[in-house]
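Since the structure of chain A is provided, determine the placement of chain B on it from the hints.
Quick note, the sequences are listed as chains A and B, same order.
As numbered in full-length UniProt numbering, the first sequence has no gaps in its residue numbers, which increase by one up to the final residue, 547.
As numbered in full-length UniProt numbering, the second sequence has no gaps in its residue numbers, which increase by one up to the final residue, 438.
Honestly, the hints are just simulated from the structure, not real lab data.
Among the hints, a few may not be true.
[Stated by the list, open to error] Derived coverage of chain B by chain A (criterion: at least 3 residues anywhere in the stretch with Cβ under 8 Å from a Cβ of chain A; other residues may be distant):
(1) 8-21
(2) 104-112
(3) 226-240
(4) 333-347
(5) 367-376
(6) 396-404
(7) 419-426
[Stated by the list, open to error] Not close to chain B: a few residues of chain A, all C-beta gaps over 12 Å, as computed:
(8) D49
(9) P113
(10) A123
(11) G145
(12) K157
(13) I168
(14) R229
(15) N250
(16) L339
(17) S434
(18) H436
(19) N462
We put the beta carbon where it would ideally sit given N, CA and C, even for glycine.
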Amino acid sequence: MKRRDFVKLSGLGMGASLLPAGLVAGHRISAEDLLNSGPDTAVKKRMADVALNAAKSKGATYADVRIGRYLRQYLFTRENKVQNIVNSESYGIGIRVIANGTWGFASTNEMKPESIARCAEEAVEMAKANAEIQLEPVVLAPQKGVGEQVWKTPIKKNAFEIPVKEKIDLLMEVNGAALKNGASFVNSNLFFVNEQKYFASTDGSYIDQDVHRMWPTFTVSAINKQTGRFKSRDALSAPIGMGYEYLSDNPAEKIIVPNGPTVYRYAYNMIEDATAAALQAKEKLTAKSVPAGKYDMILDPSNLGLTIHESVGHPLELDRVLGYEANLAGTSFATMEKLQSKSFQYGSKIVNLKADKIQPNTMGLVGYDDEGVPCKQWDLVKNGVLVNFQATRDQVHLLGEKESQGCSFAESWDSVQFQRMPNVSLQPHPEKYSIHDMIKDTEKGIYILGRGSSSIDQQRYNFQFSGQLFYEIKDGAIVGMLDDVAYQSNTQEFWNSCARICDKDDYRLFGTFFDGKGQPGQVSAVSHGCPTTRFNGVNVINTGRKI
Amino acid sequence: MAILSQEEARKIIDKVLSYSKADEMKVELTGGRSGNIRFARNSVSTAGATNNLSLSVTVVLGKRIGTSDINEFDDASLEKAVRRAEEMARLAPENPEYMPMPGPQTYAKPQAFVETTANMKAPDRAKLAGASIKSIMASQLSGAGFLEDSSSFNAIGNSKGLFGYHKNTSVNFSLTIRTPDGTGSGYAAGDYNDVTKLNTGSLTDIAIQKAKASQKAAALEPGKYTVILEPLAAGELIQFMIRAMDARTADEGRSFLSKKGGGTRLGEKLLDERVTIYSDPTDVQIPSSPFSAEGYPHERVTWFDKGVVKNMSYSAFWAKQKGAKPLPEPSGFVMSGGTQSLAELIKGTEKGILVTRFWYTRWLDPQTLLYTGLTRDGTFYIDKGQIKHPVKNFRFNESPVIMLNNLEALGIPERTRGNMVPPMRIRDFTFSSLSDAV
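Bound-form chain A, shown alone (with noise of 0.2 Å):
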């Protein structure tokens, strides 16, 4: 799905009751198919085996192989009325070589033999032709082969084997809980995916991975006809790699914030959820709008994950690093020899940062990436200091590792592989430290949450973000509802004022299912986790403008 599609189809601006072409990432199919199990292992190894092959007798040092079944579920829902439920399948093979010294791809759903053989044919011809204007041999990091390996998301409950109609009924609920607490428009849609990836290179790797993630979200709108004004509020869930046993209702799983709203971990209510949006809605209508100024800035997870991803996710990608990026996505401030001089300050000395591939309920969970590399965790920020960054087997030996850190993924089988973001997390802090503390020892603060407008330059310096809700903090209570709130700062600077950080017990997962990058552009989803964090003295502008 395309970032604008899906934005105009999951909030403002609903209205078409078809969904356009570029929505279905794949062939439409029944939502029974969606229980069909593919093709068995055996076969997929048979098919993987003729792509090796070809590629290997026309030249290729190096071949893998991905053969990956892609099933989609998307829900959308208006008011009392379904919009429409979208059920896709997506199969088919994408090869990569390594011919001359020179990367080469190609893809097919066409699986005979003869197409997949010709397939790998065209990867190694392409490799060929492009070695004219390569100017360095591609370096792989060593990958002993790991056999033949099975891997699955740890779910309790299939969503797919969930009955449609139980689906519908929940958004049903979900809306009618919004209008009857005076919200005047709301849409809320489910997204769920199962991703069954089969990996086999010449290494000796043949590995058969089955995906899960998902995304229960809304949003809810009040307006007000005679002054003009309308506001919205988003749901707070987060997209997660679980199944459906996310969408329960645990109170273990709640933590109700000072003055506000509920929050969740790893169970959400979404009734409850839409219940607090649309009164919350309505109360932005005759929200303060904020003085600029500088404040501290007391974030919740379901925001400050976001920046997060932007500010520290992206800034330590290697490709963008070293320039790979450049002509799309940028650089980034977060240079090699600000990592090799080990002393570069990212953040304040509480700041510790983690990149996590096994890290249980977050979507970038998986046993092995897609160039066979078994997953891990590893510290990028420690103690505020930068110490890593994020890479796959053709860049590693660049920071001077002989091991790649399993960051390779494709969004499908028809995209190649290259480098994307892992699970990227503020980590708690080891003394017990609740929200309702942060909130009593701030005198002048904001408190933010949920995700809303947000923006960095190409080398992750500059940002703004902005949000769902802001509360206003007065000598260490909340004193009402802000609006037109947006936060600006410098990521190192805004890193560098990170005070206070609460413990496991706020720790919480932020997501997001359609991060976009490379050209073409490919999505991926992943995870962020972090308690609530205080940052000090941030500037904060008022957004508030007439036409």
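Below, chain B alone, put in the same frame as chain A:
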């Protein structure tokens, strides 16, 4: 064969339509091929090629709708797609907003397909990218770029006798060139239907010149400045405004076109009187599809005439509610301009800032269409009609509606991202902070 002729497409569509007696049925065929090459650090990084041909069947039973897609074209597979769509329609909840499909339509005939572009192969792309890299290396700079070409067709038919066919080619090239010391960066981009119009050499020269000239930029205080927006920058903000012209959202009170007390701003003068924006699929510079996914025709539509809101886009459902004609959102737009070149606009500027392009532009408030983003890859200070020196990049917080009320001058429109947009001089453009990014 990914590109079917009109006759081939009609034959398949008619065959599929014959497989069902559903209340209504729509068949869409899309196909094409695309190829790309990407380079960075003066060397190729990735490349790829794809071919695709796909058929989509939508079946309507009462107000229940089911759609299925397939990319196998034997008779049994085509029939399977129809049966699957019927099954899905039977299981789907009723859509109370379902609107009957349109009958036969008359479509314009844009000339959007160019054989030369359709025939591009991997060596052609490597040659174009290689020429650019050679030029960058000769200048001792570092370049990253992307070239992508495609040829495609789409055909639509329904059980009410509607049929449409359109084919299109496109080629896009963009590159960013950086100086070895990391203090300068320049960008250029071009997009066309006809590859013979693409001059990678001249685009590379522009990016090289901008990279060199942008080295060691000076910091200016954030604030309100007169700016000259090159078409790439101006077009980005204006396209957000054009995409937000949905009538239903405006009627519902949640759009920049909603009026206080209810109703919309249709017919109101919202922008400077020099602003006229229209769309036309037959425009020779930006030819595009003559029909929407639902089969409604794209025709010449004026969205703003001398600053007045003349039209909003209507879905079929909302058009019926409001007694209007269904009007699809345009795929490209033309903003009328003036007669001055970019150089002449600069010459006529007492003090101002020249902006090459924007980056990471995101909405802040749908009510005021306020957006934030940053300047990038060539931002310069103009004094007494001359570019004096590069300046550090700025973050802006601005609305295209406000911007097009602060218009000072328009230049000659250029094609950018499938739209025709003039360079423009704007007063009081809001830069809210500085960025250290190069």
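Hint by hint, here is what the structure shows:
1. 8-21: Our answer is that it is violated, as 0 residues pass the Cβ test (under 8 Å) against chain A, missing three.
2. 104-112: Our answer is that it is violated, as 0 residues pass the Cβ test (under 8 Å) against chain A, missing three.
3. 226-240: violated (count 0)
4. 333-347: violated (count 0)
5. 367-376: holds (count 8)
6. 396-404: holds (count 4)
7. 419-426: Answer violated; 0 residues pass the 8 Å Cβ test.
8. D49: For A:D49, whose nearest Cβ neighbour in chain B is about 23 Å away, the distance exceeds 12 Å, so it holds.
9. P113: Answer for A:P113: holds, closest chain B Cβ roughly 17 Å.
10. A123: Check fails; 9 Å does not lie beyond 12 Å.
11. G145: Its Cβ never comes within 12 Å of chain B, the nearest being 24 Å, so this holds.
12. K157: Holds, since 21 Å exceeds 12 Å.
13. I168: A:I168 not clear of chain B: closest Cβ-Cβ about 6 Å, inside 12 Å.
14. R229: Violated, since 7 Å does not exceed 12 Å.
15. N250: 29 Å, holds
16. L339: 16 Å, holds
17. S434: At about 32 Å from chain B, A:S434 clears the 12 Å cut-off, so the statement holds.
18. H436: 31 Å, holds
19. N462: Since the minimum Cβ distance to chain B is about 4 Å, A:N462 lies within 12 Å and the statement is violated.
Of the numbered hints given earlier, the model fails hints 1, 2, 3, 4, 7, 10, 13, 14 and 19; all others are met.
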